[in-house]
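The opening residue of the sequence shown carries number 88 in the working numbering; numbering runs sequentially from there.
For the record, the hints were derived by calculation from the structure and aren't laboratory data.
Owing to the predicted nature of the structure, the values given are computational and were not obtained by experimental measurement.
Only true hints are included.
Restraint ranges, calculated between C-beta atoms of paired labels, are given here:
id: 1; residue 1: P184; residue 2: S121; range: 30 to 38 Å
id: 2; residue 1: Y176; residue 2: P139; range: 14 to 22 Å
id: 3; residue 1: K132; residue 2: G188; range: 17 to 25 Å
id: 4; residue 1: S168; residue 2: S137; range: 18 to 26 Å
id: 5; residue 1: P179; residue 2: R129; range: 35 to 43 Å
id: 6; residue 1: M181; residue 2: G125; range: 35 to 43 Å
id: 7; residue 1: P184; residue 2: G101; range: 33 to 41 Å
id: 8; residue 1: E135; residue 2: E102; range: 18 to 26 Å
id: 9; residue 1: K132; residue 2: G164; range: 15 to 23 Å
id: 10; residue 1: S136; residue 2: Y176; range: 18 to 26 Å
id: 11; residue 1: S121; residue 2: G164; range: 16 to 24 Å
id: 12; residue 1: S121; residue 2: A186; range: 30 to 38 Å
id: 13; residue 1: G125; residue 2: P185; range: 31 to 39 Å
id: 14; residue 1: G180; residue 2: E128; range: 31 to 39 Å
For each residue, glycine too, the CB sits at the ideal point set by N, CA and C.
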Amino acid sequence: LNQPGVPDFPSVGGEFHTSCVRTCDGYFFPMSNSASAGDFERDQKNCESSCPGTEMQVFYSRGMDDDSASMTSSVTGRPYSELPTAYLYKRPGMSRPPACGCNAAAQGFQIIAGNPPNPVQSQPETDA
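The whole structure should be built from the sequences, with the hints applied where relevant.
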């Protein structure tokens, strides 16, 4: 965020709707309904932690029109529609690239609730 050669966040005040975008397939979901430009860094951290193991970017727009074409990257300053993978997840028959997903194991996270992926079932002891 705020890197040389990258546009600064909007200098105008007000509230923005932010969305979290998985850049490998363009899938997105809402983050904040009333964020200020000062909240973008917080939303970026939350966005990245929501989907470990893949690149995530926060995009913002004015209002709640849910028009993804009007979203702008808080990282690059470019519109969602210019993302090479924009709407890729919506294409019929599209299979997500293998490295495109939220992979907690790749980041060393542990699952602390629920069943493990391959539970080991105990076998009853038998008297011989």
